[in-house]
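Protein chains: 2
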Amino acid sequence: MAAHYQASLSGVFRRRLRAIVGERGLLSARADRTVYECDGYTLERSVPELVVLPETTEQVAGVVRAAAQAGVPFVPRGAGTGLSGGCLPAPAPLMVCVSRMRRIRALNLANRRAVVEAGVVNAAVSRAVQAAGLQYVPDPSSQNACTIGGNVAENSGGPHTLKYGVTTNHLLGVELVLPDGEVMELGDAIEDTLGYDLTGVACGSEGTFGIVTAATLRLEPLPEGVTTMLAVFETVADATTTVSRIIASGIVPAALEMMDRTIVEAVEAAYHFGFPTDAGAILIVEIDGPAAGLPALAARVTEICRASGARSVRIAADEAERAALWKSRKRAFGAVGRLAPSYCTQDGVVPRTRLPEILARIEEIGARHRLRIGNVFHAGDGNIHPIILYDERDRDQVVRVLEAGREILAACVALGGSVTGEHGIGVEKMRELGLLFGGDDLALMRRVRAVFDPAGRANPGKIFPTPGGCVEQRAPRRQAAV
Amino acid sequence: MAAHYQASLSGVFRRRLRAIVGERGLLSARADRTVYECDGYTLERSVPELVVLPETTEQVAGVVRAAAQAGVPFVPRGAGTGLSGGCLPAPAPLMVCVSRMRRIRALNLANRRAVVEAGVVNAAVSRAVQAAGLQYVPDPSSQNACTIGGNVAENSGGPHTLKYGVTTNHLLGVELVLPDGEVMELGDAIEDTLGYDLTGVACGSEGTFGIVTAATLRLEPLPEGVTTMLAVFETVADATTTVSRIIASGIVPAALEMMDRTIVEAVEAAYHFGFPTDAGAILIVEIDGPAAGLPALAARVTEICRASGARSVRIAADEAERAALWKSRKRAFGAVGRLAPSYCTQDGVVPRTRLPEILARIEEIGARHRLRIGNVFHAGDGNIHPIILYDERDRDQVVRVLEAGREILAACVALGGSVTGEHGIGVEKMRELGLLFGGDDLALMRRVRAVFDPAGRANPGKIFPTPGGCVEQRAPRRQAAV
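Respectively, the protein sequence lines represent chains A and E. At position 321 of the first sequence (counting the first as 1) the number is 330 in the numbering used here, and the numbers step up by one without a gap. At position 115 of the second sequence (counting the first as 1) the number is 124 in the numbering used here, and the numbers step up by one without a gap.
Any given hint could be a false lead.
It does not matter which identical chain is used: a pair holds within one copy or between any two.
The calculated lysine to aspartate or glutamate pairs, modelled on EDC-like cross-linking and capped at a C-alpha distance of 20 Å, are [unchecked claim]:
id : residue 1 : residue 2
1  : Lys339    : Glu328
2  : Lys172    : Glu229
3  : Lys336    : Glu274
4  : Lys172    : Glu277
5  : Lys172    : Glu233
6  : Lys339    : Glu243
7  : Lys336    : Asp400
8  : Lys339    : Asp403
9  : Lys336    : Asp449
10 : Lys339    : Glu412
11 : Lys172    : Asp450
12 : Lys339    : Asp405
13 : Lys336    : Glu277
14 : Lys172    : Asp405
The set of hints was computed from the structure by calculation and includes no laboratory data.
Excised from the complex, chain A in its bound form:
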């Protein structure tokens, strides 16, 4: 069974890979490999036996073909910014990292599409087309580091998902190296899908179909005007009620983000934006579209915020202030590092009308487990991101973090929601799949996976819970040193 591959990689196999990617495309020294022991989900770690860094699709195909012939499982990786352990290199000994595949292969501005390699950083796509008045919309908080390949694997979202949809809504096609080394083109460069939507099902498959080496992306025009607003509330409940009321009014903001007091304090301590640290919560509301329509829309948003108890509502006066607001939001995760040695970002979804309830539940769960939990999230989507603060040197705390995380996800499901909004399943959420899927559902998904990866060698041990072994698997594989 691939999932239980234990053998060391042979010298012959290593030499074969070296012949494909060259000396500089291979990391075998322990010190070099340790960097790759986890992604942003740090509760489990495992150092890969070998890391290869191919620079072309041909090299990826060559490496994967060699792995197929040797029966070696592999784990694909982009920038390693994932948050659910999707590129945890266990039990796959071979890591194939596409971060050196950084070419933008083609830009077709008139028809608004770009073909980029998997290692291209998300924000680099928008930068490349900005002068033409275009953008690539999906904007994960890690957009200055995360890669398009990883975005496709995780079907990443971001603040602007609310209005514009997640990665799959902006993906026209992918170049996929199947686990037998064959290079497939799924989808195409035009808007409409012909035949089954294999691009769609590959998006979000977390590396279990093979390795995405390039993607054809849809570009969107930059909106003519953008207005970004900051509303300050005394309580989280007032802020989430406001979210429901804005949406109910028929306004579709480009983004609608909430940060609670814990997060505001952390952000303020790190960056000194001048946020009120005594407020219960703040909302960042962004509206976009034809410039002439924005003042009236901003006035309506202001009115709704005030009617829902906002202490203050402020419209960013200029681009600098606007950029500062977004910087605060996008760096919130990093700023949390000031509050505790470790943190674990959860990812759940509830119907957006249930936000007040889930936040009350999170508070109660945190108190019961003696854990501080901050909240920063895509409120308009009902996509919550409780950040659980802890110290990973304290084994008991780690156990409580895992337990609290599980309880939060179960509460999301009980409120009609789901256990992941945008971070994927990885190793973190395997057990929670059972909260939403029965055996038949999982069997169907496994059969779909087998179409692409019959031998189960592409990112084994992810997504699908191992029967009977879930609890043990969930315990940290290695207690990390700080």
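Given the structure of chain A, go ahead and fit chain E onto it with the hints provided.
Positioned in the frame of chain A, the structure of chain E alone reads:
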């Protein structure tokens, strides 16, 4: 092989189905069944041996389970408005028609979703939520007849696809009766997909995964303001150039539709809207969004139209005029019936910058085959709909129609496009799949299909070309009488 099922349905099998759906749920008299011999693609016809009209998911599951046990292939059908023969009942003797499953099961207005049965008519969804300021966006021209089940099967588009996306972009989940009779729920009622996006791959699978019995739909707020404009051009080339220029300017119209002189003449003869029948082409441009932004946007569109040679640009003065414009567009296909005894609507896509080229090619192809071809299409998407006029009593004309259609699709592919934008493959486009897909691609798709339908009994003889038998298959199965 299911695809070559020839046996007649047994008396035992018929009695079993009658016990499930009752006497009124079964059509066995030839006269009743003849209605079901084709959909909107009339070049091929075949009367089903038996039509069942279940009213509940349980009945569908019972019928499908009985068919599985008897080894009988089946073809699902909604309203039969499809345009590629997706519900042509050959070679499946049993048709399962969901048009009596018309319940709206649940409306959740606060979270903007609806759960509707497969037989609910598209336009009925928007009507049901209109008072709450909401709509279901995808709007095929047949929206007053076509059903949600059929929309899901074909991943239908419509004029507003340009800004808002096709069916798959508004579909959160489906209830699917697998070919063994098992009822699966794919996706869920919240925004984000957990695990593989099986809803996405089921959408557009044209009944080859089983029978969709219900769908969870995303609702969208009605835009605050809508402005609809009519621009009249001397030539098709001027109109298509205008399309490119509007898009290039960064404006994303809600819809951008073109009709050429042939279509305008037909529409005018049928409905007397007062369109100029001497114009080369007209464009319907619709913009929507916050009301305050629309006048400036309309002025920009007007300016672009005039700069590209528009003879006149007129803004619909009121809702009545706006409704009339859309009525003209949506009834264009019907109006064409005045010009010839029969017509065949083609469906292709090109990158929108190639519209002038493809339209020139269509004109040339029509002239060479001595066929009159009208054009009415979603110009903003590059999704063309040449309507080939003919007389189906004339065998030679039928052959030329088929040949011209094939040449148009090949020309789309040569220009970097595709062979179907929104009508699906059905039986009509099976051969053309080979223009875009190699054997490996088709093998992968067949394996995906086998996950859902291992025995190949769900809508056999669709999508996938039968090796070696394409040309024969393409000839009309039965020359229709008028």
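Tested hints:
{"no.": "1", "hint": "Lys339 to Glu328", "in the structure": "within (16 Å within a copy, 44 Å between copies)"}
{"no.": "2", "hint": "Lys172 to Glu229", "in the structure": "both (13 Å within a copy, 11 Å between copies)"}
{"no.": "3", "hint": "Lys336 to Glu274", "in the structure": "within (15 Å within a copy, 57 Å between copies)"}
{"no.": "4", "hint": "Lys172 to Glu277", "in the structure": "neither (28 Å within a copy, 39 Å between copies)"}
{"no.": "5", "hint": "Lys172 to Glu233", "in the structure": "both (15 Å within a copy, 16 Å between copies)"}
{"no.": "6", "hint": "Lys339 to Glu243", "in the structure": "neither (23 Å within a copy, 51 Å between copies)"}
{"no.": "7", "hint": "Lys336 to Asp400", "in the structure": "neither (26 Å within a copy, 65 Å between copies)"}
{"no.": "8", "hint": "Lys339 to Asp403", "in the structure": "neither (28 Å within a copy, 66 Å between copies)"}
{"no.": "9", "hint": "Lys336 to Asp449", "in the structure": "neither (44 Å within a copy, 46 Å between copies)"}
{"no.": "10", "hint": "Lys339 to Glu412", "in the structure": "neither (27 Å within a copy, 56 Å between copies)"}
{"no.": "11", "hint": "Lys172 to Asp450", "in the structure": "neither (30 Å within a copy, 33 Å between copies)"}
{"no.": "12", "hint": "Lys339 to Asp405", "in the structure": "neither (30 Å within a copy, 65 Å between copies)"}
{"no.": "13", "hint": "Lys336 to Glu277", "in the structure": "within (12 Å within a copy, 56 Å between copies)"}
{"no.": "14", "hint": "Lys172 to Asp405", "in the structure": "neither (41 Å within a copy, 52 Å between copies)"}
Checked against the numbered hints given earlier, this structure breaks hints 4, 6, 7, 8, 9, 10, 11, 12, 14; the rest are met.
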